[in-house]
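Number of protein chains: 2
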Amino acid sequence: MRTLYHHTLSAAARKVRLVLHEKHLTFDERVVDPWQRDPTLIALNPAGEVPVLVENENPIVDATTICEYLEDAYPENSLLGSMPLERAEARRLAAWFDVKFAREVNDHLVGEKLIKRVTSRAAPDSRALKAGRENLQTHMQYIAWLTERRRWLAGDQITVADLSAAAQLSLLDYIGDVPWDNEPLVKEWYVRLKSRPSFRCLLRDTVPGVPAAAVYADLDF
Amino acid sequence: MRTLYHHTLSAAARKVRLVLHEKHLTFDERVVDPWQRDPTLIALNPAGEVPVLVENENPIVDATTICEYLEDAYPENSLLGSMPLERAEARRLAAWFDVKFAREVNDHLVGEKLIKRVTSRAAPDSRALKAGRENLQTHMQYIAWLTERRRWLAGDQITVADLSAAAQLSLLDYIGDVPWDNEPLVKEWYVRLKSRPSFRCLLRDTVPGVPAAAVYADLDF
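Here the protein sequences line up with chains F and W, keeping their order. So for the first sequence, my numbering puts the first residue at 10; every next one is plus one. So for the second sequence, my numbering puts the first residue at 10; every next one is plus one.
Next up, chain F with everything else stripped away, as it sits in the complex:
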């Protein structure tokens, strides 16, 4: 019995959904609103944040912790690799996207255009949007640099690094903010990810009042 408490606008929760599907672990879903201090969520996680995975009544909290737990408990279809240095590179890049990309790009663009709209209906701050767009260019160049040298971001195999990056980018893609045509190698890598069965759950996500950009669910964008 496995239930994931998540929200469609949480990149951290999107990553865990991708990880669960990549590891072929079935789960029920409960969408909860982390901006409403939902008592069910607070009881599971005193930090009041999604995602929370409940497995046999044990709550497992924090996206990175959930991914590490799933690797510990279900080592098949590893998303970290086997050698310590290889695992370190996958974890380094996962943290890069979970923390640095989130703070420099998604907090500005997704935060202003989607989350602010859903939580307060306030208008986006144009300086934040400008900063987010500029930072996104630098990050796209870094992803391009990696995809020039490696099949997947951390090496020969798909890892949590790809899924962390895809989780962030998928939200930007929902609002049509990814300049795919500037970076063909990044686009080719993302097409490969987007075509995987694990990605289908994200492509069905909708945000009330904000229709997805035309490219979002299109596998041939």
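Keep in mind that the hints are not guaranteed to be accurate.
The list treats identical chains as one, so a pair stands whether inside a single copy or across any two.
Heads up, simulated DMTMM-like pairs for lysine to aspartate or glutamate below, C-alpha to C-alpha not over 25 Å straight-line [claimed, not checked]:
#1 K109 - D47
#2 K125 - E113
#3 K109 - E58
#4 K32 - D81
Derived by calculation from the structure, the hints in this document are not laboratory data.
Starting from the known structure of chain F, arrange chain W on it as the hints suggest.
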């Protein structure tokens, strides 16, 4: 051959120093300034952040990634535990202090009183100090709640959870900002940590121009 690039004001780097000492792994130290965009640091870590551990010429980046790498490569003296759920609890609490406590307490108090002083000589923002002090009370209560129920924060054994918490608190303690007398159980837990040989390296740290509070290096405060 193992070198840690770190800075005395980085809680993340303090945690890694504690982990290396707890695992009895010897290392050289290089103090680098993450606020100066040091070219040596950027070459090792494109994010330009400390800590970076270099082992046999391989840079390992990001504090959590370094701790996980050390567990993978040197499983003796584990700081995570052995069972998946036990490891998840240690990781959950480590993330709590690394991210939530850092953002709600240390970014305000240590950020305003120490880091701002070292980087810009600007005066602290009194609203940030007030917010930090209020948030610290809530966090002290949470640590008290844990120490009432468990010998160490995540269970019977010392883990990365204790070391993450101690790394943050040690910086607050340097400026004399921890209300130890309000929470005797938290103080008793911190005395146990502070008395461990791994902690000695932190107690010798000094910040130029800012003398440590009287309690900082005192084991009987």
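Checked hints:
no.: 1; hint: K109 - D47; in the structure: between (28 Å within a copy, 19 Å between copies)
no.: 2; hint: K125 - E113; in the structure: both (16 Å within a copy, 21 Å between copies)
no.: 3; hint: K109 - E58; in the structure: both (19 Å within a copy, 11 Å between copies)
no.: 4; hint: K32 - D81; in the structure: both (12 Å within a copy, 21 Å between copies)
In summary, the structure agrees with every hint in the numbered list given earlier.
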